[in-house]
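Asks: Protein sequence lines correspond, in order, to chains Z and V. Start counting the first sequence at 163; every next residue gets the next number (this note's numbering). Start counting the second sequence at 3; every next residue gets the next number (this note's numbering).
In short, the hints are calculated from the structure, not lab data. Incorrect hints may have been included.
[As the list claims (entries may be wrong)] Label-pair restraints from in silico Cβ distances:
#1 15(V) / 251(Z): 18 to 24 Å
#2 186(Z) / 144(V): 19 to 25 Å
#3 63(V) / 249(Z): 25 to 31 Å
#4 199(V) / 509(Z): 56 to 62 Å
#5 233(V) / 523(Z): 37 to 43 Å
Ideal placement from N, C-alpha and C gives every residue a C-beta, glycine not left out.
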Amino acid sequence: MSEIKGEILIKGGFVIDPAQNIDGDIADIAIKDGKIVERVSNAAKVIDAKGKVVMAGGVDVHSHVAGPKVNVGRLIRPEDKLFKSGVAHAPTRMEMGFSVPSVLKTGYDYARMGYGFVMEAAMPPIHAPHVHEEIHDTPIIDEAALPVFGNNWFVMEYIQKGEIENTAAYIAWLLRATKGYGIKIVNPGGTAAWAWGMNCLDLEDKVPYFDVTPHQILTGLMQANEYLGLPHSIHVHQNDLGNPGNYPVTLASLKLAEGVKTKNKFGREQVMHSTHLQFHSYGGDSWATFCSKAKEVMDYVNKQKNITIDLGCVTLDETTTMTADGPFEHHLHALNHLKWANVDVEMETAAGVVPYIYSKDVVPNAIQWATGLELALYSKDPMRTFITTDHPNAGPFTRYPRVIKWLMNKKSREAVLASMKKSDKVIDATTIHTIDRELNLYEIAAMTRTGPAKCLGLSSYYGSLKPGMIADVAVYDLNYKDMPSDPEKIESAFLRAAAFVKSGEIVVRDGEVLSHGHKKTVWVNPKMKENPQVKRDVTESFTKGYYTVGLTNYPVREYLAPHPFVIDVDVEA
Amino acid sequence: MATVTLTPTKTPELMLEANSVTPDAFAGKNAEQIATLECREGKTHVTIGDFFTVSGNAGATAAETDIVIAGDCTRVKYIGSKMTAGTVTVNGNADMYVGGWMKGGKIHIKGNVDSFCGIAMEGGEILVDGRAQNHVGCAYRGDWRGMKGGTIRIKGDAGNDIGTFMLGGTIIIEGNAFIHVSTHAEGGTVIVKGNVDGRVGGQMVKGTIYVFGEIKFMMPGFKKVDKVDLEVDGTKATFDHYIGDLGERHPKSKGKTVFADLYLKA
Ligand SMILES: [Zn+2]
Numbered sequence: 163m164s165e166i167k168g169e170i171l172i173k174g175g176f177v178i179d180p181a182q183n184i185d186g187d188i189a190d191i192a193i194k195d196g197k198i199v200e201r202v203s204n205a206a207k208v209i210d211a212k213g214k215v216v217m218a219g220g221v222d223v224h225s226h227v228a229g230p231k232v233n234v235g236r237l238i239r240p241e242d243k244l245f246k247s248g249v250a251h252a253p254t255r256m257e258m259g260f261s262v263p264s265v266l267k268t269g270y271d272y273a274r275m276g277y278g279f280v281m282e283a284a285m286p287p288i289h290a291p292h293v294h295e296e297i298h299d300t301p302i303i304d305e306a307a308l309p310v311f312g313n314n315w316f317v318m319e320y321i322q323k324g325e326i327e328n329t330a331a332y333i334a335w336l337l338r339a340t341k342g343y344g345i346k347i348v349n350p351g352g353t354a355a356w357a358w359g360m361n362c363l364d365l366e367d368k369v370p371y372f373d374v375t376p377h378q379i380l381t382g383l384m385q386a387n388e389y390l391g392l393p394h395s396i397h398v399h400q401n402d403l404g405n406p407g408n409y410p411v412t413l414a415s416l417k418l419a420e421g422v423k424t425k426n427k428f429g430r431e432q433v434m435h436s437t438h439l440q441f442h443s444y445g446g447d448s449w450a451t452f453c454s455k456a457k458e459v460m461d462y463v464n465k466q467k468n469i470t471i472d473l474g475c476v477t478l479d480e481t482t483t484m485t486a487d488g489p490f491e492h493h494l495h496a497l498n499h500l501k502w503a504n505v506d507v508e509m510e511t512a513a514g515v516v517p518y519i520y521s522k523d524v525v526p527n528a529i530q531w532a533t534g535l536e537l538a539l540y541s542k543d544p545m546r547t548f549i550t551t552d553h554p555n556a557g558p559f560t561r562y563p564r565v566i567k568w569l570m571n572k573k574s575r576e577a578v579l580a581s582m583k584k585s586d587k588v589i590d591a592t593t594i595h596t597i598d599r600e601l602n603l604y605e606i607a608a609m610t611r612t613g614p615a616k617c618l619g620l621s622s623y624y625g626s627l628k629p630g631m632i633a634d635v636a637v638y639d640l641n642y643k644d645m646p647s648d649p650e651k652i653e654s655a656f657l658r659a660a661a662f663v664k665s666g667e668i669v670v671r672d673g674e675v676l677s678h679g680h681k682k683t684v685w686v687n688p689k690m691k692e693n694p695q696v697k698r699d700v701t702e703s704f705t706k707g708y709y710t711v712g713l714t715n716y717p718v719r720e721y722l723a724p725h726p727f728v729i730d731v732d733v734e735a
Numbered sequence: 003m004a005t006v007t008l009t010p011t012k013t014p015e016l017m018l019e020a021n022s023v024t025p026d027a028f029a030g031k032n033a034e035q036i037a038t039l040e041c042r043e044g045k046t047h048v049t050i051g052d053f054f055t056v057s058g059n060a061g062a063t064a065a066e067t068d069i070v071i072a073g074d075c076t077r078v079k080y081i082g083s084k085m086t087a088g089t090v091t092v093n094g095n096a097d098m099y100v101g102g103w104m105k106g107g108k109i110h111i112k113g114n115v116d117s118f119c120g121i122a123m124e125g126g127e128i129l130v131d132g133r134a135q136n137h138v139g140c141a142y143r144g145d146w147r148g149m150k151g152g153t154i155r156i157k158g159d160a161g162n163d164i165g166t167f168m169l170g171g172t173i174i175i176e177g178n179a180f181i182h183v184s185t186h187a188e189g190g191t192v193i194v195k196g197n198v199d200g201r202v203g204g205q206m207v208k209g210t211i212y213v214f215g216e217i218k219f220m221m222p223g224f225k226k227v228d229k230v231d232l233e234v235d236g237t238k239a240t241f242d243h244y245i246g247d248l249g250e251r252h253p254k255s256k257g258k259t260v261f262a263d264l265y266l267k268a
């Protein structure tokens with residue numbers, strides 16, 4: 163699989179690998195020809211990791227980094243690049259942007275943080291060729307993309323008729339056609355309703371025309387996912403995102419996983435991944451009574467073992483929101499009066515983009531900040547709780563190190579809280595000030611690499627330092643035995659890895675990018691016997707002119723993903 | 003006060019991006035050190051000394067530093083950008099972004115300026131003896147946070163997009179202006195002594211515009227409410243008072259809706 167040759171020895175670091183229950187043991191990590199191995203020869207290049215922490219490369223379960231929606235963000239926000247476009251220094255090329263960085267900056271910045279795999283969280287199927295072009299142009303990191311299914315006309319029609327097998331066959335076709343990874347669901351039914359200027363804020367709200375409910379869409383897609391036995395579970399952005407008092411809808415959605423069993427050969431244990439849970443964990447009935455319900459939500463998540471979550475932490479930055487949740491973006495634009503872009507994507511989905519400034523002095527923003535951190539601090543299972551910022555919706559991914567700092571260091575959280583203009587109001591509406599917990603490096607490793615890799619069904623390739631794994635190894639300048647008392651040093655260590663080896667190649671030293679690496683595009687190929695009805699339905703949608711393109715022009719051609727890493731799934735029906 | 007004089011020695015092949023030609027960057031440096039300050043020409047790094055001879059040492063602070071450019075800067079951008087104090091005088095023309103993001107001090111351009119003069123300015127004064135191209139005192143592309151303070155005076159004509167997204171400060175165009183004045187503005191004052199073609203105050207939320215000449219095409223979103231006698235920039239006259247843009251959202255203050263004001267000399 164890998165064209166990278168050569169041996170590397172990462173020597174004498176504090177190794178942290180939750181997949182092997184290794185927590186700070188001093189050990190060497192050997193790498194040969196792109197894989198982690200038991201031992202290497204004396205000729206191996208040596209990276210001295212003495213006094214530093216060694217982890218597997220980071221795995222990001224949810225980030226918006228490629229495709230038309232991200233590009234709309236870049237287009238409508240030239241000011242996002244102002245004074246943030248440095249001069250290129252060889253071997254890197256020019257980098258631009260902050261909240262919607264250029265593809266080059268995206269690849270470089272993830273690599274600088276020691277991340278090796280990133281999941282693009284929402285691919286509009288018809289625009290999959292564009293998504294793959296951008297993925298290919300993003301250097302170093304391996305990537306995959308989740309096509310959106312939760313408002314797809316075929317899916318809603320099959321589910322309305324209770325046809326799970328047809329739903330699954332359609333999904334299998336679409337994953338192959340788009341070189342997609344799994345099933346993303348964004349505001350199930352609500353985005354389709356948006357075409358009528360409506361929304362689905364409750365699980366039982368009917369989607370106009372299609373006569374299905376978010377409840378049926380979620381359940382149907384969850385069943386289809388397990389029917390196919392995909393590496394990842396359904397990946398859900400729930401209804402009623404971002405509104406006061408939405409946590410009961412969140413809990414009701416999570417409860418749909420109760421009693422559902424996984425069926426897969428990829429080591430995945432969950433049947434539902436609930437993304438950017440921060441945006442879905444609110445109490446109150448207005449912005450005046452807005453409050454955190456992180457504790458209530460996590461009490462449920464902790465006991466319901468077949469779900470995983472990611473945080474979607476608000477980082478208190480000026481950023482760009484972008485989602486297939488079209489109605490939400492319109493709602494946000496009406497709140498902040500900033501520019502708004504809206505796109506309808508044929509029979510498949512929609513998207514909206516609006517800039518947003520999260521201010522620590524605006525009470526609801528400050529409560530959102532606290533809510534995201536509380537979710538992690540209340541988690542009893544770091545292997546099911548992943549650090550994200552729903553990049554760039556709650557903040558740019560380059561703030562992960564800052565989120566890690568806040569989670570590992572109470573003093574740093576309190577400093578932010580104390581600096582807020584209305585900290586008393588924030589304290590009234592949250593519990594963050596009562597939490598003493600400080601996460602340790604082992605828990606951070608679970609939340610940023612081992613856990614997400616397992617959730618994505620990729621634990622045989624990423625997220626661990628076991629021999630046989632892809633050699634993605636990050637070295638951070640942190641002394642496991644003597645952690646810095648200054649929390650800023652935690653952030654700076656995670657922001658600029660002391661070294662990062664990607665697929666067996668040294669791509670970063672002392673936070674500087676040395677190489678464009680050998681990136682791969684990961685996609686899932688479900689092998690399923692042909693389903694004549696679905697084949698006919700798909701063909702008709704093109705021949706009858708429902709789509710604006712022809713069937714032969716729809717799929718992603720090979721040349722758009724020239725370095726594929728294909729995961730075959732044999733569907734046993 | 004200390005004066006540093008830059009005398010142009012050659013014309014840049016591309017445009018020279020002279021972000022470091024500011025009293026702030028010069029402060030505390032002697033002529034030799036100033037000559038080594040970095041600029042850019044395209045993607046290459048160059049120095050001030052590559053294009054100018056430098057004479058005189060700067061003062062200890064920006065406020066104690068005067069810069070005189072003794073010649074033409076038609077191909078030099080960003081003169082005085084982000085400066086906070088002191089003065090810059092150009093005895094000739096200047097290219098784009100004169101005084102962009104400037105916070106204080108004074109800039110005097112004795113010739114013409116290209117576009118984006120005083121873009122996103124926060125304070126200080128810019129005086130242009132000649133004319134200006136487009137985007138005087140506007141916001142950066144895409145940004146909704148435009149000029150916040152300070153004064154820009156253009157003695158000649160100006161082009162389009164004057165004071166776009168303006169929030170504060172004053173822009174005076176002593177000649178004529180083309181189109182788009184105070185578009186999307188939420189504050190600030192624009193005075194045009196001559197004529198304007200049109201699109202004056204489109205989508206304007208708050209702020210004030212005075213036009214001494216004619217507006218060839220009035221925006222339909224402005225409504226005449228009364229006639230007032232005013233003294234504007236030293237001239238006493240009677241003005242027709244319009245409010246608008248009625249097609250745009252407007253904030254309320256003490257129960258009353260706040261509109262943008264447009265005064266057209268009667
Ligand atoms: Zn997202």
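Asks: Hints first: check each against the structure and report whether it holds.
Replies: Structure-based check of each hint:
{"no.": "1", "hint": "15(V) / 251(Z): 18 to 24 Å", "in the structure": "holds, 23 Å"}
{"no.": "2", "hint": "186(Z) / 144(V): 19 to 25 Å", "in the structure": "violated, 47 Å"}
{"no.": "3", "hint": "63(V) / 249(Z): 25 to 31 Å", "in the structure": "holds, 28 Å"}
{"no.": "4", "hint": "199(V) / 509(Z): 56 to 62 Å", "in the structure": "violated, 46 Å"}
{"no.": "5", "hint": "233(V) / 523(Z): 37 to 43 Å", "in the structure": "holds, 40 Å"}
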